[in-house]
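Based on the hints, put chain B in the right spot on chain A.
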Amino acid sequence: MLTIAKLFGKSPFAPLQTHMDKVASCIGELPALFQALVAQDMKAIERVSQQISRLEHEADLTKNDIRTHLPRTLFLPVDHGELLEILSLQDSLADQAEKIAERSTMRKLQLLPEMREDFSSLCTKVVEAFWLAHKVIKELEELLESSFGGIEAQKVKGMVEQIAFHEYETSQLQNHLIKCLYQGGDAMPYPAFHLCLSLIEEIGRLACISEELGNRVRMLLELK
Amino acid sequence: MLTLVLGFYMAWNIGANDVANAMGTSVGSKALSLRRAVFLAAIFEFAGAFFLGANVSETIQKGIIDPTIFQSDPMIFVLGMMGSLLATGAALQLASYFGLPVSTTHAIVGAVLGFGACIGGIDAVNWRELGWIASSWILSPLLSGVLSYAIFSIIQRKILFALDPIESTQKMAPFFVFLCFTVVALTLCSHRPDLSTKLAIGLSCLIGLAAAMASRLVVQRITTPSLQTAEGVTPYQAVSLEKALHHLQRVHLSNRDAAYSSEISNVLGHLQRLTDTVRKKTSFLYSTNRYQGVEKIFVALQILSACLVAFAHGANDVANAIGPVAAVMSVLKNNTLSTQSAIPAWLLAIGGAGIVIGLATWGWRVIETVGKKITELTPTRGFSAEFGAAATILLASKLGLPISTTHALIGAVFGVGMARGLKALNLQMLKEILVSWIMTIPFCALLSVLAFYLLKLCFM
Chain A
1 MLTIAKLFGK
11 SPFAPLQTHM
21 DKVASCIGEL
31 PALFQALVAQ
41 DMKAIERVSQ
51 QISRLEHEAD
61 LTKNDIRTHL
71 PRTLFLPVDH
81 GELLEILSLQ
91 DSLADQAEKI
101 AERSTMRKLQ
111 LLPEMREDFS
121 SLCTKVVEAF
131 WLAHKVIKEL
141 EELLESSFGG
151 IEAQKVKGMV
161 EQIAFHEYET
171 SQLQNHLIKC
181 LYQGGDAMPY
191 PAFHLCLSLI
201 EEIGRLACIS
211 EELGNRVRML
221 LELK
Chain B
1 MLTLVLGFYM
11 AWNIGANDVA
21 NAMGTSVGSK
31 ALSLRRAVFL
41 AAIFEFAGAF
51 FLGANVSETI
61 QKGIIDPTIF
71 QSDPMIFVLG
81 MMGSLLATGA
91 ALQLASYFGL
101 PVSTTHAIVG
111 AVLGFGACIG
121 GIDAVNWREL
131 GWIASSWILS
141 PLLSGVLSYA
151 IFSIIQRKIL
161 FALDPIESTQ
171 KMAPFFVFLC
181 FTVVALTLCS
191 HRPDLSTKLA
201 IGLSCLIGLA
211 AAMASRLVVQ
221 RITTPSLQTA
231 EGVTPYQAVS
241 LEKALHHLQR
251 VHLSNRDAAY
261 SSEISNVLGH
271 LQRLTDTVRK
281 KTSFLYSTNR
291 YQGVEKIFVA
301 LQILSACLVA
311 FAHGANDVAN
321 AIGPVAAVMS
331 VLKNNTLSTQ
341 SAIPAWLLAI
351 GGAGIVIGLA
361 TWGWRVIETV
371 GKKITELTPT
381 RGFSAEFGAA
391 ATILLASKLG
401 LPISTTHALI
411 GAVFGVGMAR
421 GLKALNLQML
431 KEILVSWIMT
441 IPFCALLSVL
451 AFYLLKLCFM
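Listed in order, the protein sequences are those of chains A and B.
In terms of this note's numbering, the first sequence opens at residue 1 and continues consecutively.
In terms of this note's numbering, the second sequence opens at residue 1 and continues consecutively.
Extracted from the complex, chain A is given alone in its bound form:
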């Protein structure tokens, strides 16, 4: 009889990684968006924005699917709450990408000349931080194999520390940019000023969420 086979439930870890891939496809559109932002190409921004919206919706469907298939009677090596937290954070990454895209469509972005370089750095750094978080989620499979300990845990710990460092650098860049904006923004019309400020903050938020995601995974580890 198939009694033993019925003992094993549907593992939520593979769907979690699939969801992260969907989120990655959202974030993958962001570099194109940032380029269009700097070039002030509104048509391109519209196009990419709609694409990101569509991808974010797909990710949401996967997320709801995972949530429905996580009954209380499923026994997991990690707490249900922690798993759902990680899922939530992944979802907020996609949401954040959509938010940035929507903001960009509001108006043409006016950047002060001294801010251009730092703004590009900010954009690249933030996307890098995300890809590191993506790598961490990909490591979940190996972590399960090593029962969340050992050299695999050390490896993931190193990765999480890298994300934290990226977030720190992003913070620095953000502060510098905002300072430039406040000091040189007297001539700008208020809406343009506000859009600039808002966009810088939203873009920086992406790195924050990535760091939080990394920390949540780190909390699962058994480090000696």
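One thing to keep in mind: the hints can contain errors.
Derived SDA-like pairs: lysine to any residue, alpha-carbon spacing no greater than 25 Å straight-line [to be verified]: (1) B/K243 with B/S153; (2) B/K431 with B/V449; (3) B/K431 with A/H69; (4) A/K22 with A/E98; (5) A/K99 with A/I209; (6) B/K171 with A/E142; (7) B/K431 with A/P71; (8) A/K138 with B/G293; (9) A/K179 with A/L112; (10) B/K158 with A/V78; (11) B/K30 with A/A5; (12) B/K30 with A/L140; (13) A/K138 with A/L223; (14) B/K280 with A/L223; (15) B/K296 with B/M213; (16) B/K171 with B/S240; (17) A/K43 with A/F193; (18) B/K158 with A/R218; (19) A/K179 with A/E169; (20) B/K372 with A/E142; (21) B/K431 with A/T68; (22) A/K43 with A/L197; (23) A/K6 with B/K171; (24) A/K99 with A/L84.
These aren't lab readings, by the way, just hints derived from the structure by calculation.
Using the frame of chain A, we list chain B on its own:
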């Protein structure tokens, strides 16, 4: 004769359905191919049935019901046992048709109990023995769970959490081999009346050690690239340095003496810089396919434990088929009811053969299905679960207690799950097990009484 046919049919059923639960996990984790699994299962099931099946068979034969109650009319006893076999067979057939999980052991015990209680009266049943059996049904999944938890925790701590998993595996593998062989040797040796307990334990340990030595030789030959980076710095150093750093920080914080304070902070600064450099140099990035190497070594161990489970299963479950047959045989041969008759070896052989044939004709298909569904039990987990289950079942077989092998396996898998070893377990199964416990016994008891009356009509 009819009883033999019925007994053979039961054995066939056991071979067809139950063995899959024992061997399916090994096929699923790709430790064994289907052919090899069936082959090994056949050998070990027969061996278990033949060499160790007598204890439990005796319990079912005369432990549950007192045969002397039927002195006035031995035929009733005979028909009752036959009825039990018939009822159990029917119940199992129904259950597998509807896809319900029913344990063969629970079924036959329930059937015999039903016959004894209804026909022979309340006094016919040996309630003390039944009490033992019932408690063993609760304790056996728990015990196998605890054992698997222990084994997997050892694997976790010593191997998975170690900084060089493959080296640790090479050190630990002989220990596990020792455990397996000692357990088997112990059950076989202490079975004989001519060996004293001390001698039995000593002999088992020796056999275990011999096997361990042999396995050590095999394992040492596996050469793996050592865990060194290009600059000659091992991850072990990085982790050790960090530990030293933490200890020194602790000293620094608890230090009250101003004289030492500056020296400590000096050393702390140096150590911090050293740790950072070493950490940068060691890259853990290519060290994580080590776990595949660990799993490969454990494949051999899992094969070993799978054979152990097959052996234990044969020992415990052959009694379900042969016990009643033996009871009938002893009555018909000697025309008396005694509590002393032993189980003849040829009967055990027939039981074993029945299981093997059941396995060969139908069982392999079930093993294939189970193996396809269980793909998550990697060799390390599989070994822990199978060893825990096998040890428990062997212990129960030694004590003559019929337990459900399926439930022991389920308990073992839960044990591994508790130790954070598995991805997802369905706790619903616990409810199902409870329900099947409560339902099986009265159902089979009723069926058995019905069968008895049916047979009485036919033969009297």
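Structure-based check of each hint:
Distance hint between B/K243 and B/S153 is fulfilled; the C-alpha atoms sit about 23 Å from each other, no more than 25 Å. Taking the CA atoms of B/K431 and B/V449, the gap is about 28 Å. The hint is violated against a cut of 25 Å. A threshold of 25 Å between alpha carbons decides the hint, and for B/K431 with A/H69 the separation of about 19 Å falls inside it, so the pair holds. At roughly 13 Å between alpha-carbon atoms, A/K22 and A/E98 fall within 25 Å of each other, so this suggested pair holds.
Simply put, A/K99 and A/I209 have alpha-carbon atoms about 14 Å apart, close enough for the 25 Å limit, and the pair holds. Simply put, B/K171 and A/E142 have alpha-carbon atoms about 23 Å apart, close enough for the 25 Å limit, and the pair holds. About 15 Å separates the Cα atoms of B/K431 and A/P71, which keeps this hinted pair within 25 Å; it holds. For the given pair, A/K138 sits about 20 Å from B/G293 by alpha-carbon distance, which is consistent with the 25 Å threshold.
A hinted pair counts as satisfied when its Cα atoms are at most 25 Å apart, and A/K179 with A/L112 qualifies at roughly 12 Å. In summary, the hint linking B/K158 to A/V78 is supported, as the alpha carbons are separated by about 21 Å, within the 25 Å threshold. A C-alpha spacing of about 15 Å is found between B/K30 and A/A5, which places the hinted pair at or below 25 Å, so the restraint holds. Distance hint between B/K30 and A/L140 is fulfilled; the C-alpha atoms sit about 22 Å from each other, no more than 25 Å.
For the proposed pair A/K138 and A/L223, the alpha carbon gap of about 19 Å is at most 25 Å, so the pair holds. Restraint check: the Cα-Cα separation between B/K280 and A/L223 comes to about 19 Å, which is no more than 25 Å; the hinted pair holds. Taking the CA atoms of B/K296 and B/M213, the gap is near 19 Å; set against the 25 Å cutoff, the hint holds. Using a Cα cut-off of 25 Å, the hinted pair B/K171 and B/S240 holds, with the two alpha carbons roughly 21 Å apart.
At most 25 Å may separate the alpha-carbon atoms for a hinted pair to count; A/K43 and A/F193 meet this at roughly 22 Å. At most 25 Å may separate the alpha-carbon atoms for a hinted pair to count; B/K158 and A/R218 meet this at roughly 22 Å. Between A/K179 and A/E169 the CA atoms are separated by roughly 15 Å; this keeps the pair inside 25 Å, and the hint holds. Using a Cα cut-off of 25 Å, the hinted pair B/K372 and A/E142 holds, with the two alpha carbons roughly 22 Å apart.
Restraint check for B/K431 and A/T68: the C-alpha separation of about 21 Å stays at or below 25 Å, so the hint holds. Restraint check for A/K43 and A/L197: the C-alpha separation of about 22 Å stays at or below 25 Å, so the hint holds. Between the alpha carbons of A/K6 and B/K171 the distance comes to roughly 35 Å, so the proposed pair goes past 25 Å and is violated. Using a Cα cut-off of 25 Å, the hinted pair A/K99 and A/L84 holds, with the two alpha carbons roughly 22 Å apart.
The structure is inconsistent with the numbered hints 2 and 23, although it conforms to all the rest.
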